[in-house]
Amino acid sequence: MERPIIYAKNLTKRFGNFTAVDAISFEVGKGEIFGFLGANGAGKTTAIKMLIGLWKPTEGQAMVAGYDVYKQPEEIKRNIGYMSQRFSLYEDLTVQENIRFYAGIYGLSNQSIREKTDELIVKLGLEQVQNERIASLPLGWKQKLAFSVAIIHDPKIVFLDEPTGGVDPITRRQFWDLIYEASHKGITVFVTTHYMDEAEYCDRVSMMVDGRIEALDKPGALKVHYGVESMHDVFVKLARPEVE
Amino acid sequence: MRIIQFLVRKEFLQIFRNKGMLPIIFIMPVIQLVVLANAANFEIENLKLFFIDKDQSTLSRLLRSKMDGSNYFLLSGFGLSSQDGATALDRNQADLVIEIPSGFEKKLVRENTQKIQLVVNAIDGTKGALANFYALEVISQFNQEIRQDFQAINKVGVSPFNRLQVEYSHWFNPDLNYKTFMVPGILVLLVTMIGAFLSAMNIVREKEIGTIEQLNVTPIKKYQFITGKLLPFLILGLVELTIGFIIAKVVFDIPFVGSIFLIYGFAVIYLTLVLGLGLFISTFTETQQQAMFITWFFLVIFILMGGLFTAIENMPLWAQRITLFNPVRYFIEVVRMVMLKGSGLMDIKWHALIVFLYAVGVNGLAIYRYRKTV
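Chains as they are written, first to last, in my numbering: chain A, 1 to 244; chain B, 1 to 374.
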């Protein structure tokens with residue numbers, strides 16, 4: 001079997017007495033769309049930040065794209081893309097300027113920056129607004145652009161932290177088209193969400209409750225296992241057992 | 001190098017797009033320079049003099065007219081008793097009280113010596129010291145003159161020291177123009193303030209907005225990041241300095257004796273230090289508010305102990321030692337030395353070395369403190 005592209009074993013993060021991520025273990029295969037689900041405050045963002053080399057884990061092991069999160073965070077950063085919960089483009093720069101800046105930071109050549117910029121603007125239908133500041137764009141457009149910028153350097157993995165928060169259903173659907181497209185190009189997608197319809201789009205999902213992974217499988221298998229109709233019900237069963 | 005180029009370009013785009021910031025960066029310092037240079041004037045004229053004449057003699061009247069005739073003093077009142085003088089001081093009607101005792105003339109002529117009393121209102125220490133200094137100057141002149149007259153009257157013959165007089169020669173600032181002294185210093189302060197604030201707020205702002213996180217997941221190196229933040233403000237600072245020099249020349253007609261390249265060379269090192277300090281501050285603060293207060297804390301010390309408002313030689317020894325750590329002090333000295341005296345590289349080499357080491361240290365700290373992985 002091919003080595004997993006993300007590997008975590010007993011990965012833990014504590015802040016003082018509070019354990020935000022409690023010994024989670026999982027593997028993600030190359031090219032997979034891996035859904036990382038959980039309620040607010042379950043520890044999803046903390047887990048992601050450890051995997052992308054922003055925070056040092058308290059204990060446990062993790063390898064991302066073949067590199068150790070403790071020793072080689074900078075190598076990891078070269079091989080991943082990341083779209084955070086908070087909006088990460090520069091609001092006071094235009095669409096074009098943002099694309100060019102991030103492409104430049106990742107060391108793309110001038111020619112490929114030009115090509116990528118044109119390609120992206122056409123693909124996202126931003127021709128009319130390419131010289132507008134980001135601040136003036138609707139949220140859905142911004143999110144699609146942020147995603148495209150996060151994978152502008154063709155990373156091995158892209159981490160998406162609630163990329164579709166506050167976005168309308170049609171734009172969300174379009175957003176997932178972009179995710180599929182990236183996945184077809186061979187980019188592994190690691191995505192957190194609490195929209196359970198989105199969970200159905202994933203190859204496999206994990207369900208995080210209070211810092212622990214309570215379930216991990218294909219969406220279909222999880223529904224069978226918990227004897228419910230939808231991922232929504234799986235979520236409710238796991239995350240809010242007291243509701244029943 | 002290319003990555004730094006992209007960072008610099010981005011900073012410039014952001015600076016020039018921020019319509020609120022542009023006037024703050026370019027117009028405000030100009031206004032401050034023009035206003036402060038005219039306001040911060042330590043030259044003191046028309047000190048209020050209260051004259052108590054208990055002698056009412058020719059000589060005492062001569063001294064009075066001498067005092068009154070000098071540019072320094074304005075006769076605000078006279079009296080006959082010591083009490084009048086005290087009252088005038090209490091009512092703030094006098095900066096200086098001169099009391100001529102009765103028998104002044106007699107004793108002076110007979111015994112060739114006499115004492116007069118000076119009472120200085122020293123609430124404002126600088127003013128008091130100046131009043132004292134000016135008064136002594138006038139009195140010693142008076143002394144000189146009457147001595148010559150005595151000699152003539154006594155027919156002792158004209159002494160060889162006949163026209164002995166203290167002549168003041170003010171080097172490098174011949175007209176004793178305060179602006180010549182102040183403008184270069186104020187200019188240093190303005191460039192320092194703009195540089196320190198802009199750089200301190202910058203990284204923190206990215207923290208507040210959240211874009212710093214996006215930068216931290218890119219493979220960008222720490223030194224590239226810090227350099228990319230430093231360069232734009234360095235360029236801005238030099239532009240600011242240039243505007244200041246033009247105003248100094250055109251508006252205030254400040255002489256520029258030394259090498260302009262030397263000043264710019266020093267300014268590059270100096271600004272690197274100031275900006276590095278700002279960047280260092282923004283690595284350990286979380287909000288622009290915190291960054292602003294900490295920067296202000298340092299700036300107040302730097303400005304007040306920079307030698308512009310209080311001469312460093314007048315500070316207590318411990319304070320003088322502290323100023324050795326004050327970058328503003330060095331730049332003010334260098335600007336004055338090079339601009340007004342035409343000092344060369346050899347004259348400012350220690351200033352340059354100290355500021356250089358300081359700059360390396362502070363920027364090293366900023367790079368060290370900036371964490372991509374927490």
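Keep in mind that the hints were calculated from the coordinates and are not lab data. All of these numbers come straight from a predicted model, not from anything done at the bench. One should not assume that every hint holds.
[To be verified] Derived pair list, reagent style BS3-like, types lysine-lysine, alpha-carbon separation capped at 30 Å:
#, chain 1, residue 1, chain 2, residue 2
1, B, Lys-222, A, Lys-218
2, B, Lys-221, A, Lys-185
3, B, Lys-207, A, Lys-156
4, B, Lys-221, B, Lys-107
5, A, Lys-9, A, Lys-185
6, B, Lys-221, A, Lys-9
7, B, Lys-249, A, Lys-142
8, B, Lys-221, A, Lys-30
9, B, Lys-221, A, Lys-56
10, B, Lys-222, A, Lys-156
11, B, Lys-106, A, Lys-142
12, B, Lys-222, A, Lys-56
13, B, Lys-19, A, Lys-156
14, B, Lys-372, A, Lys-56
15, A, Lys-142, B, Lys-54
16, B, Lys-372, A, Lys-71
17, B, Lys-19, A, Lys-9
18, B, Lys-19, A, Lys-71
[What the hints assert, rightly or not] Over 10 Å on every C-beta distance to chain B, these chain A residues come out as not near it, computed from the model:
#, residue
19, Gly-53
20, Ser-84
21, Gly-107
22, Gly-125
23, Glu-229
24, His-232
All C-beta atoms in this analysis are idealised placements derived from N, C-alpha and C, irrespective of residue type, glycine included.
These are the hints, each one checked on the structure:
As the CA atoms of B/Lys-222 and A/Lys-218 are separated by approximately 41 Å, the hinted pair breaks the 30 Å bound. For the suggested pair B/Lys-221 and A/Lys-185, the alpha carbons sit about 28 Å apart, so the restraint of at most 30 Å is met. Distance restraint check for B/Lys-207 and A/Lys-156: the Cα-Cα separation of roughly 27 Å lies within the 30 Å cut-off, and the hinted pair is therefore satisfied. Taken as a hint, the B/Lys-221 and B/Lys-107 pair is broken in the structure, with Cα atoms around 84 Å apart against an allowance of 30 Å.
The straight-line distance between the Cα atoms of A/Lys-9 and A/Lys-185 is roughly 28 Å, inside the 30 Å bound, and the hint therefore holds. With a C-alpha separation of about 29 Å, the suggested pairing of B/Lys-221 with A/Lys-9 holds against the 30 Å cut-off. Straight-line distance between C-alpha atoms of B/Lys-249 and A/Lys-142 comes to about 50 Å, which puts the hinted pair past the 30 Å bound. Between B/Lys-221 and A/Lys-30 the CA atoms are separated by roughly 28 Å; this keeps the pair inside 30 Å, and the hint holds.
The suggested pairing of B/Lys-221 with A/Lys-56 holds, with an alpha-carbon distance near 18 Å, which does not exceed 30 Å. With a CA separation close to 23 Å, the supplied pair B/Lys-222 and A/Lys-156 stays within the 30 Å bound. Distance hint between B/Lys-106 and A/Lys-142 is unfulfilled; the C-alpha atoms sit about 96 Å from each other, more than 30 Å. With a CA separation close to 17 Å, the supplied pair B/Lys-222 and A/Lys-56 stays within the 30 Å bound.
For the proposed pair B/Lys-19 and A/Lys-156, the alpha carbon gap of about 40 Å is over 30 Å, so the pair is violated. A threshold of 30 Å between alpha carbons decides the hint, and for B/Lys-372 with A/Lys-56 the separation of about 10 Å falls inside it, so the pair holds. Restraint check for A/Lys-142 and B/Lys-54: not satisfied, since their Cα atoms lie roughly 89 Å apart, outside the 30 Å limit. Between B/Lys-372 and A/Lys-71, the direct Cα distance comes to roughly 13 Å. Compliance with the 30 Å bound is thereby established for this hinted pair.
With a C-alpha separation of about 51 Å, the suggested pair B/Lys-19 and A/Lys-9 falls outside the 30 Å cut-off, and the hint is violated. Simply put, B/Lys-19 and A/Lys-71 have alpha-carbon atoms about 44 Å apart, too far for the 30 Å limit, and the pair is violated. The claim that A/Gly-53 lies off the interface is violated: its Cβ sits roughly 5 Å from the closest Cβ of chain B, which falls inside the 10 Å cut-off. Under the 10 Å C-beta cut-off, the non-interface status given to A/Ser-84 relative to chain B is violated; the minimum distance is some 5 Å.
With a cut of 10 Å on Cβ distances, A/Gly-107 falls inside the contact zone with chain B, its closest approach being about 7 Å. No Cβ of chain B approaches the Cβ of A/Gly-125 within 10 Å, the least distance being about 23 Å, so the stated non-interface status holds. Residue-level check passed: A/Glu-229 sits 38 Å from the nearest beta carbon of chain B, beyond 10 Å. Non-interface status of A/His-232 relative to chain B is upheld: no Cβ of that chain comes within 10 Å, the nearest being about 30 Å off.
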